[in-house]
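Chemist: Letter by letter, the chains look like this.
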Amino acid sequence: MATDLRISNISKIYPGCIANDNVSLQFKSGKIYALLGENGAGKSTLVKILSGIISPDNGEVFLNEKNLKLSSPLDAKKNKIGMVFQHFNLFETLSVFENLSIDATEDNKSLRVRINEILKKYNFSIDLDVPVLNLSAGQKQKVEIIRCLLRSPKVLIMDEPTSVLTEQETEELFISLKKFCDEGILIIYITHKLKEVLSLCDEVAVMRKGKVVSVSQTQNEKVETLASKMVGQKLAKIKKKINTSKNKDEIFKVKHLNFYSDDPFETNLVNLNFSLKKGECLGIAGISGNGQNELFQILSGEIITPDASIIFRNKEIAKLNPKQRREYLMAFSPEDRISQAAVPELKIYENVALNNFKSSNFFEKGLVNERKIKEHSKKILSDFSVNTDNVELKSQFLSGGNLQKLILGRELITAPELLICYNPTWGLDVGAINYIHETLIKINDEEKSTILISTDTEELLKLSDRIAVIYKGKLSKIMPSVEVTPEKLGILMGGGSID
Amino acid sequence: MSLDISFIGVLIGSIMASSVPLILAASGELITERSGVLNLGVEGMMIIGAISGFALMVITDNLFIAIIGSMLSGVVISLIFGFLTQSLLTNHVATGLALTIFGIGLSAMLGKNFVGIPGKDFPILFSSLRESIPFFGPILFGHSIVLYFAFALPFLTNYFLKKTKLGLVVRAVGDSPVSASNQGINVILVRYCCILYGGGMCGLAGAYLSLIYTPQWIENMTAGRGWIALALVVFATWSPIKVLIGAIIFGGISILQLHMQAVGFRIPVQFLIALPYLMTIIVLVVISRDSRKIKLNTPTSLGRIFYKEK
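Chains as they are written, first to last, in the numbering used here: chain A, 1 to 499; chain B, 1 to 310.
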């Protein structure tokens, strides 16, 4: 039976923000629909309304021309609307089976039979009796999906489902979603990743600032057209002028960097050697888990490797800790913004103060000079176009893009000679990515150097002057980026060799 | 020798009796905490239960009404806590502390006219068996019905949490109220029920003290047992069976150290008095070392305020 879901004139207003402004959309089963938008465009609000978690101020939802009253999640369940949230709605300490049985109406025995049928049908392999906290992100998502499937849904909504998945898991998810679609389930796929829209979805609705700005067939769209609809303006094409001058001073040199770890989850590094000139960007490519974490931690001084030689501005720094390296004008932007780069519970200005102990006059006789820190933070917020001017805001309330801008701002305002960043645009939307890229290019233009460790090959090709690939803790030959193609990188990242 | 054995039997029986209020209060609090609510008002709810039970016994001369009334008084006073923390979203810790202070003060005021009134004998079960069977008689028989209930309660609680649908819901709410709410579970209602249940058990624990254990009303007669019960729940890592073990150890060493004092061991009295606290903590820490299990039993959302998105 065909399903027809219609959203009519939905509005939801929060104090100071119109989350949904008269949104009307129509969906039919047999297709996969994308709901595309930047962070804060109102996608999540819309799906929360569809799943009964929040009620709209205005507007109606029709399923097969029946007006739905969605005043609680139970109503959505009853009307066969299933929802897989970005932040999983699972009970971590309960077993998989307990998670699935909590709102089941049948007895445990027949429920287990039905779950096993689903596992078999879609080729999922999950142990039902382990606690959810032992599962990987991909497995957790499967549990969420099974929970929806148990109620034989007509509509399945996926909210940013790939943000926590590995590439392999993403592929598996897409295969499953296509299967569900073929079985007549209407799928609404919420994302800000343009490529996923193009490869998975049939139709795409773009939201911006709470409004639907376009609905179109994905076959008529390209990455560029969707991107400009999403951010509301044509994105400036960033092009870096490649730094070729050979006679510049060497500023950074790593010799015989070895790292050996007993921890099976860490990667050993084997004899890394590389150097960097003033104003140059060295890109380090690789599939995550090939030693990038360890390399970043060694370069930042979190791990000290006394045998290696790291020369920075003609000084041996291998034995210095991160604070000392910062004082020596290095700056770092780690991969994990929330747990490594910033303290989410602290206010913006407190986070700014964290790494600027000596270079500024934030502290006098052991006391915090709040006024100076706040002034300084305000300058960062405005210089790096962070979307707030409230330095008292807790950092956890910043979106990923704004938090990354704040972190970069904090690092760069001390005018470092070398910035080392690891996946600086991970999980960000196009607008923010563009801004970060512009910033990184500007650093090189000002004759400062950058080391960019990234898993995003496109980003590396765009920003680097020279590129090397890290694979199982070993570094490939360093190549000028003009000679590198995505295909070449792909081969090296997979452990192959080129000549 | 036969005298010794029967003495040990009586000793064990009295240890069991002394651990009853701890078992009752801790089992109640355990359910409350398993739903994610930290109610530090255990001591206050117990003392209110103690005075209500005693007063009702004096007024109605009916022990059944006294017992039921004490539980209801615990429910009512925990309802205040529930309303403040669940409906008005106040901080659990501060509200619980206030409840204890309030309970102690209120019970002293209500109890003024009941000081010095003698209590009534509480009926005991199987008293003939107690006398006729050596050693096991005083252990197994001749106790009040409340004691038998208390010793069954941890097992019932365990069964409830592990095997029943409602127990699963309580654990789910304690693990992640947001997820539970998004699954259509009425988190606030579940938490209210758990708070009221905890209040009822604390009321009963108080009544056990004033009606059965030492049948009289003395101001502040719970004497910190509520705090011990609270600590037991945490040190037992939210496992009902370990709560039972902890309560027996605490009760046991409290009784034993009295005997040691009487016999005149050359150990400082202060150390003997501290011994039950010390031993309970040591034993519970030793039996609760499996960090994986602790993680699975600990209510993740304990003490955090939950409010529903609108």
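Hints were generated in silico from the structure; no laboratory data involved.
Check each hint, because a few of them may be wrong.
To be verified - Some chain A residues judged to face chain B by a derived CB distance under 10 Å, without partners named: (1) Phe-88; (2) Ile-102; (3) Asp-103.
Even for Gly, the Cβ is constructed at its ideal location relative to N, Cα and C.
Chemist: Check the structure against each numbered hint from earlier and tell me which ones fail, lowest number first.
Modeler: none
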